[in-house]
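Novice: Protein chains in written order, with the numbering used here: chain Y, 52 to 389; chain G, 52 to 389.
Take these hints with a grain of salt, some might be off.
Because identical chains cannot be distinguished in the list, a pair is counted as satisfied if it fits within a single copy or across any two copies.
Stated by the list, open to error - Within a straight-line C-alpha distance of at most 25 Å, the following computed SDA-like cross-link-like pairs (lysine to any residue) qualify:
{"#": "1", "residue 1": "K161", "residue 2": "A262"}
{"#": "2", "residue 1": "K188", "residue 2": "E336"}
{"#": "3", "residue 1": "K188", "residue 2": "A156"}
{"#": "4", "residue 1": "K77", "residue 2": "R375"}
{"#": "5", "residue 1": "K343", "residue 2": "N264"}
Just so you know, the hints here were simulated from the structure itself, not pulled from any lab data. Here the structure is a predicted model, which means the values were calculated and not measured.
The lines below spell out each chain.
Protein chains: 2
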Amino acid sequence: MSTATNKKTVQLSHGGGGKEMNRLIKDIFFNAFDNPILRNEEDAAKLHFNGNTAFTTDSFTVAPLFFAGGDIGKLAIAGTVNDLAMMGAEPQYLSSSFIIEEGFAIDDLKTIVNSMATELKRSGARIVCGDTKVVPKGCADGIFINTSGVGRILNDHISVKNLQQDDVIIVSRDVGRHGAAILMAREGLALESELTSDCATLWPIVEQLIATNVDIHAMRDATRGGISAVLNEWASASNVGIEVNESAIPVCNEVSGLCELYGFEPFDLANEGTFILAVPKTAAEATLQVMKTFCHCEQAAIIGHVNDRKVGKVILNTPWGSSRYLDVPQGELLPRIC
Amino acid sequence: MSTATNKKTVQLSHGGGGKEMNRLIKDIFFNAFDNPILRNEEDAAKLHFNGNTAFTTDSFTVAPLFFAGGDIGKLAIAGTVNDLAMMGAEPQYLSSSFIIEEGFAIDDLKTIVNSMATELKRSGARIVCGDTKVVPKGCADGIFINTSGVGRILNDHISVKNLQQDDVIIVSRDVGRHGAAILMAREGLALESELTSDCATLWPIVEQLIATNVDIHAMRDATRGGISAVLNEWASASNVGIEVNESAIPVCNEVSGLCELYGFEPFDLANEGTFILAVPKTAAEATLQVMKTFCHCEQAAIIGHVNDRKVGKVILNTPWGSSRYLDVPQGELLPRIC
């Protein structure tokens with residue numbers, strides 16, 4: 052391989068623990084993520100905590116790496132930041148660990164890393180430690196990124212087990228966009244549509260909800276498995292019934308169209324910047340008011356409520372007056388969605 | 052694919068966020084890693100910290116997955132626990148994130164996960180959150196595991212920047228075993244040799260060193276890049292010179308032999324349970340005394356010292372009276388070593 056090509060792609064030596072790895076880390080990662088803790092270059096970052104802390108991890112394997120509305124870098128930051136936010140925790144410190152296939156374009160790596168740096172600014176979280184592995188060509192598909200995160204818990208009551216009778220269920224925006232955007236990108240339909248992934252950092256909205264003292268019982272971003280998976284998890288963990296109204300759940304025309312075409316349910320499709328909440332009926336209006344001041348949450352809506360009709364189950368009332376169980380998705384809708 | 056085959060291998064649906072994933076997580080991961088925090092099944096684990104905390108991450112891509120002295124599971128736990136231990140931190144909470152290739156044998160997954168559970172017992176650390184992704188056949192090579200970890204810092208002075216004049220450099224055991232064991236496994240030499248990887252959890256030794264109030268200036272496990280990489284990093288970060296004596300560095304016969312055969316330096320080979328320390332001369336004997344009570348550290352030895360002869364450099368004195376720079380390894384010795 053010529054030197055010119057070597058300079059433009061990631062080589063096995065970039066993962067060898069020696070000179071080339073140090074150079075890659077300093078040139079690309081330290082440049083983009085620079086902060087005093089990272090600069091210490093210890094085996095582990097030294098942090099200071101007092102009190103309740105949330106800890107989460109996620110590996111990102113999305114394909115394609117670049118899609119309408121985001122890329123794997125944006126997703127890797129937003130995803131882990133959102134997992135912390137959903138626990139009522141301020142996202143503070145993230146780790147980032149890269150598994151890169153030999154021959155991966157350095158330019159693409161830079162784009163992804165810059166996209167991570169940009170997304171970090173939306174929550175104020177910082178990358179304080181990391182790891183880089185390079186595997187031979189054919190042993191991975193491009194790049195995989197793991198981000199883990201820790202953050203201070205500001206609201207300690209939010210829990211999957213905390214749904215209560217008569218709570219209302221609120222969704223932050225129209226559902227199914229991320230799944231639909233990835234499907235489009237795979238099928239080469241991207242140019243024919245305006246549809247973008249909902250991929251976004253949710254901490255600013257959550258921070259405002261906490262600051263307004265909204266009594267949040269449960270909160271979860273509806274990633275793999277969509278809102279169907281979250282609602283079922285809640286019903287089961289909190290030992291309650293949940294009833295949602297299909298006509299109240301916002302779905303954009305592009306997502307509806309794709310779902311019809313491919314036989315998917317929008318409620319099963321993954322989201323990456325859409326969350327659902329359970330709050331007491333009395334807090335519903337205040338919650339919606341806060342949410343609607345945020346970009347992309349103009350369509351925030353009450354979609355259902357908690358009751359004791361069918362404990363552990365989710366009932367979907369259709370626009371035609373009938374109702375059915377909204378079950379946990381089964382099988383594989385779309386591999387490598389996140 | 053027949054149902055019988057489905058039951059025995061990981062399917063794409065195991066990563067889909069639905070029923071199959073829940074079953075895989077509960078049957079395999081929860082069973083092996085069971086603890087009250089993990090059982091909460093929230094998006095993030097709730098922990099409580101007071102004071103200085105270390106945070107680290109590592110992705111493991113080792114090939115082959117099973118080698119003499121360990122497997123990817125043991126490595127994934129020992130590696131992250133050791134990164135915490137080397138910062139003087141008690142390894143408390145780990146995350147584990149799996150990227151699994153479609154078709155991976157469930158039995159192998161169980162073996163790996165059980166090996167993780169066994170290794171966790173050696174430090175008392177617990178897995179409190181996790182993530183599972185399944186990628187289509189050909190998009191990853193078997194399984195990759197990321198573990199991140201957090202733990203309470205008990206000794207706050209240990210630092211790559213803390214080496215001081217006349218400090219002695221101690222190595223915990225013979226070097227190069229992990230690199231050599233992986234090389235052997237790849238070359239199909241495994242059956243002809245007694246050589247095993249040094250892969251091990253170092254926390255029990257470190258805990259004892261801290262309890263004995265040994266004044267540790269710097270401490271690092273010599274993973275990728277071997278002791279060459281660590282010594283150079285220390286010389287550079289602490290702005291000191293380091294001089295080591297080749298004849299004082301323990302190397303077993305099998306590693307020496309392999310190095311001669313393949314043209315490697317044992318000092319450049321990766322270790323996964325071997326560490327080096329910098330302590331004041333006055334603390335050297337006490338340090339060695341503690342270390343030698345531990346299995347695998349019988350050969351712990353003083354291998355050199357800190358001076359100001361060549362600041363930022365590592366000098367290796369050969370048994371023949373000559374000396375040369377021991378440089379950071381360059382190029383790729385062995386891809387997918389950890």
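Novice: If a hint holds in the structure, say so; if it doesn't, say that too.
Specialist: A quick look at each hint next to the structure:
| no. | hint | verdict |
| --- | --- | --- |
| 1 | K161 to A262 | neither (36 Å within a copy, 45 Å between copies) |
| 2 | K188 to E336 | neither (54 Å within a copy, 48 Å between copies) |
| 3 | K188 to A156 | both (12 Å within a copy, 23 Å between copies) |
| 4 | K77 to R375 | neither (55 Å within a copy, 27 Å between copies) |
| 5 | K343 to N264 | within (16 Å within a copy, 57 Å between copies) |
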